[in-house]
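S.K.: The primary structure of each chain is shown beneath.
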Amino acid sequence: MKNKTILVKQNPILKVVILGNSNVGKSCLMNRFVSNSFSDHTLHTLGVEFLQKELNVNGIVYTLQIWDTAGQERFRTLRTPFYRGTDICLLTFAVDDVQSFKTVDSWKKEFLQYSRTTDANFPFLVVATKVDLENRVVSKDEANKWCSEYLSAPYVETSSKTDMNIETAFTLAVEIWASTERPSELKISHTNLVKLSRPINGSAACPTAEIVSPKCC
Amino acid sequence: MEDDLPSKYEVIVIGTGMTESIVAAAASRIGKRVLHLDRNDYYGGMWASFTFEALQKWLDECRNGKTNDSVKTSSPLVQDTEKSITIGNQFSTVFNIEEKWFIPEKLPSVGNLLSAKITQTEDSPKESKDGLTETEATLKQSDKLWCQAKIKTMGRKFNLDLAPKLLFSRGTLVELLISSNISRYAEFRCVNRILTWQSDKLETVPCSRADVFATKNVGLIEKRQLMQLLTLCVEYKPESDEFKGFEDKTLKQYLESKGLTENLMHYVLYAIAMSNDTTPCMVGVERTQRFLSSLGRYGNTPFLWPMYGTGELPQCFCRLCAVFGGVYHLKRAADSVISANNECKAILSDGSRLDCDHLVMGVADAPPEFLGSVPKAGLSRGIFIIDRSISTTDKESLTLLQFPIKGKEPITVIEAGPSTHVCPPGLYLLHMTTKQIDNAVNDLKPAVDALLHSEYADGTTIRINTDTQSTQTSKEGDSSASSGESNILDESLKPQILYALYFNCPETSEYDLSQNVPSNVHLCSGPDLAVDYEFAVKQAKSIFSKMYPDSEFLPRAPDPEELSLEVDEAAGPPFQSSEEPKEE
Numbered sequence: 001m002k003n004k005t006i007l008v009k010q011n012p013i014l015k016v017v018i019l020g021n022s023n024v025g026k027s028c029l030m031n032r033f034v035s036n037s038f039s040d041h042t043l044h045t046l047g048v049e050f051l052q053k054e055l056n057v058n059g060i061v062y063t064l065q066i067w068d069t070a071g072q073e074r075f076r077t078l079r080t081p082f083y084r085g086t087d088i089c090l091l092t093f094a095v096d097d098v099q100s101f102k103t104v105d106s107w108k109k110e111f112l113q114y115s116r117t118t119d120a121n122f123p124f125l126v127v128a129t130k131v132d133l134e135n136r137v138v139s140k141d142e143a144n145k146w147c148s149e150y151l152s153a154p155y156v157e158t159s160s161k162t163d164m165n166i167e168t169a170f171t172l173a174v175e176i177w178a179s180t181e182r183p184s185e186l187k188i189s190h191t192n193l194v195k196l197s198r199p200i201n202g203s204a205a206c207p208t209a210e211i212v213s214p215k216c217c
Numbered sequence: 001m002e003d004d005l006p007s008k009y010e011v012i013v014i015g016t017g018m019t020e021s022i023v024a025a026a027a028s029r030i031g032k033r034v035l036h037l038d039r040n041d042y043y044g045g046m047w048a049s050f051t052f053e054a055l056q057k058w059l060d061e062c063r064n065g066k067t068n069d070s071v072k073t074s075s076p077l078v079q080d081t082e083k084s085i086t087i088g089n090q091f092s093t094v095f096n097i098e099e100k101w102f103i104p105e106k107l108p109s110v111g112n113l114l115s116a117k118i119t120q121t122e123d124s125p126k127e128s129k130d131g132l133t134e135t136e137a138t139l140k141q142s143d144k145l146w147c148q149a150k151i152k153t154m155g156r157k158f159n160l161d162l163a164p165k166l167l168f169s170r171g172t173l174v175e176l177l178i179s180s181n182i183s184r185y186a187e188f189r190c191v192n193r194i195l196t197w198q199s200d201k202l203e204t205v206p207c208s209r210a211d212v213f214a215t216k217n218v219g220l221i222e223k224r225q226l227m228q229l230l231t232l233c234v235e236y237k238p239e240s241d242e243f244k245g246f247e248d249k250t251l252k253q254y255l256e257s258k259g260l261t262e263n264l265m266h267y268v269l270y271a272i273a274m275s276n277d278t279t280p281c282m283v284g285v286e287r288t289q290r291f292l293s294s295l296g297r298y299g300n301t302p303f304l305w306p307m308y309g310t311g312e313l314p315q316c317f318c319r320l321c322a323v324f325g326g327v328y329h330l331k332r333a334a335d336s337v338i339s340a341n342n343e344c345k346a347i348l349s350d351g352s353r354l355d356c357d358h359l360v361m362g363v364a365d366a367p368p369e370f371l372g373s374v375p376k377a378g379l380s381r382g383i384f385i386i387d388r389s390i391s392t393t394d395k396e397s398l399t400l401l402q403f404p405i406k407g408k409e410p411i412t413v414i415e416a417g418p419s420t421h422v423c424p425p426g427l428y429l430l431h432m433t434t435k436q437i438d439n440a441v442n443d444l445k446p447a448v449d450a451l452l453h454s455e456y457a458d459g460t461t462i463r464i465n466t467d468t469q470s471t472q473t474s475k476e477g478d479s480s481a482s483s484g485e486s487n488i489l490d491e492s493l494k495p496q497i498l499y500a501l502y503f504n505c506p507e508t509s510e511y512d513l514s515q516n517v518p519s520n521v522h523l524c525s526g527p528d529l530a531v532d533y534e535f536a537v538k539q540a541k542s543i544f545s546k547m548y549p550d551s552e553f554l555p556r557a558p559d560p561e562e563l564s565l566e567v568d569e570a571a572g573p574p575f576q577s578s579e580e581p582k583e584e
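Chains as they are written, first to last, in this note's numbering: chain A, 1 to 217; chain B, 1 to 584.
Rather than coming from a laboratory, the hints here were simulated on the basis of the structure. It is possible that some hints are incorrect.
[To be verified] DSS-like mimics (lysine-lysine), calculated; alpha carbons at most 25 angstroms apart, straight line:
| no. | chain 1 | residue 1 | chain 2 | residue 2 |
| --- | --- | --- | --- | --- |
| 1 | B | K157 | A | K108 |
| 2 | A | K109 | B | K538 |
| 3 | B | K57 | A | K108 |
| 4 | B | K152 | A | K109 |
| 5 | B | K538 | A | K195 |
[Claimed, not checked] Not everything, but these chain B residues come out facing chain A in the computed CB check (under 7 angstroms):
| no. | residue |
| --- | --- |
| 6 | F52 |
| 7 | E187 |
| 8 | P368 |
| 9 | F535 |
In this text, a Cβ means the ideal position worked out from N, Cα and C, and glycines have one as well.
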């Protein structure tokens, strides 16, 4: 494993995507977790692909990259460039919005379709948001039951407004990830890939040199 | 529909093809309000990649979708002084669709073999000399038997490109992906083999210096000649005399003047200069330079291929556009363009009027009025699912072959295997593209006949096993650069075609698309004949600079770390000073 020797002491980086209908509070969840702030009117910050935060889970410091849907969830236009390489998927719904609860399943399906994950045990966590609200229409029991029976994903209730269970939810997500066995096939298929942002090696960076000096002729 | 869209934009882009997506990203990046629509539920239009099932759906749409749903001519949303022009229909531009299976629908025996394997491997795990139990060996054999049902159950593992293309490692698209920081969305593999077809056989073209020295196909004197020639081309400057007198001659004539052997001439002309008998000398020199300058940056050939197929690339630009505030709506068609005084004012879509300053659209969506005359040039495309590589080696290869056709454009052949996630294990995808002369079937016939076995396979006999074949090749003890050479294509070694699809589509890169359009409408060509993306990038740049002449084209997008540093500044100075992006 080449990567391990190069990345000395770097935290494990986990890519987290938060899916769910518009207005369930995905950005609030992210902002509360990353910058411990809350606003009733968060707007998508232009140019922000993801926010990062370090999180210590059972003695290991992870760097979580939490990707912003950039409004693309609204008309379901998220595809591979967003999903690629995701480690953890949070499926969110708001407890005052029954429609958002009903669509959690379709978000899971959408994720599996477009992330192209071949992992049958991919770590999902269902996160209920806005549990501080009075006009709750999805009960905890109902959600819990449905998540375990139908989605076979753990369930956690949060409120970004009151900062309830926010860090707990992300910690839980990392724990699920850490306890999931990943198929080794995934690792193999990631070798020999070219990432343009990281040229393979310095010496190959001068291409013509190779051809220009035919000194052995 | 959940809710409706805002009604005013600076740029509306219709269609998510390559050029359209680059323009959308560039406009959004400099802060313009962008709406990007596509009538399909996928990105890419004629640049898309499909699973097997999605390809079938696309074919159905092409076969049936030729009638345009008529749009009401008068609408309260159109003012008296304005006129409404109905949008075109992209599916009506695909012709001569020929789809053919070369394998039976079902193989009843496979199911039995599989269940036999499952029950037996539990009690008696691996044994025997070659590490295979008898049933596993049977299974391995049966793995090589294909039927339609088997392909269809693995349908999601395919990414079948409508417009397969490669990126030059130092081409404008790679530079753009890097400079704009869009590269983070995509992964690539290097094309690791360039083949050519000479004297009825496939040969590996030595392209790097190491290859030239390793190859057995070229004698010692030829090696020196080749190195000298390539060096001349790389170092060529306009003021040098080397090519004097050849300005109005062909590359072939120049090569002949250098006394190159036929062998070398073939390599240089067809594979390295990617030219043919009639290519002008200086064009050929320029192409040779481009080829050589891209060598060695990422691999031993000049080319990269996107993982999951070329349909990924438009999406990367769309994602950047969205991150900078662009609004995306797939499965939403534009119905008509509203114009007044030779200027586009708005579009009508799904009963809404959406105003815009600029309208960018793919040529397939353009109203026929915008095109003036019907573009005549076309592409002949072939997509083949095959059971082994056209030239098997011990390792999976990603291959480019320019199949020469006397007196005509070559047939560009790209072969990709399972490691690029374009097909399931055990199979390869072969793409062929050439200029349309007749129809796709006839235009591609020379390459199909030469390279592929296109008899119907009834699924009961196994043709020579790929494993045996690779053992034979590796026995010669060659490195990957030279193995597989002189692979005379015995009919029994040719890959079996399992499934073939042919179609023709327009090629508008030579067509003047600005002739008949309102001044603020910008049409984007579909996929062009060239193997690379130079044309699409160039066109996108030119459209962008027409719209916003004083703005930078896709400046580097900041890394998220850089932005979070800015956000966190109030909390205390960053531990390490790093380059802060200058944002407007």
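S.K.: Confirm or reject each hint.
M.R.: Hints, verified against the model:
no. : hint             : in the structure
1   : B/K157 to A/K108 : holds (19 angstroms)
2   : A/K109 to B/K538 : violated (38 angstroms)
3   : B/K57 to A/K108  : holds (23 angstroms)
4   : B/K152 to A/K109 : holds (20 angstroms)
5   : B/K538 to A/K195 : holds (23 angstroms)
6   : F52              : violated (14 angstroms)
7   : E187             : holds (5 angstroms)
8   : P368             : violated (28 angstroms)
9   : F535             : violated (20 angstroms)
Violated hints, in rising order: 2, 6, 8 and 9; the structure is consistent with all others.
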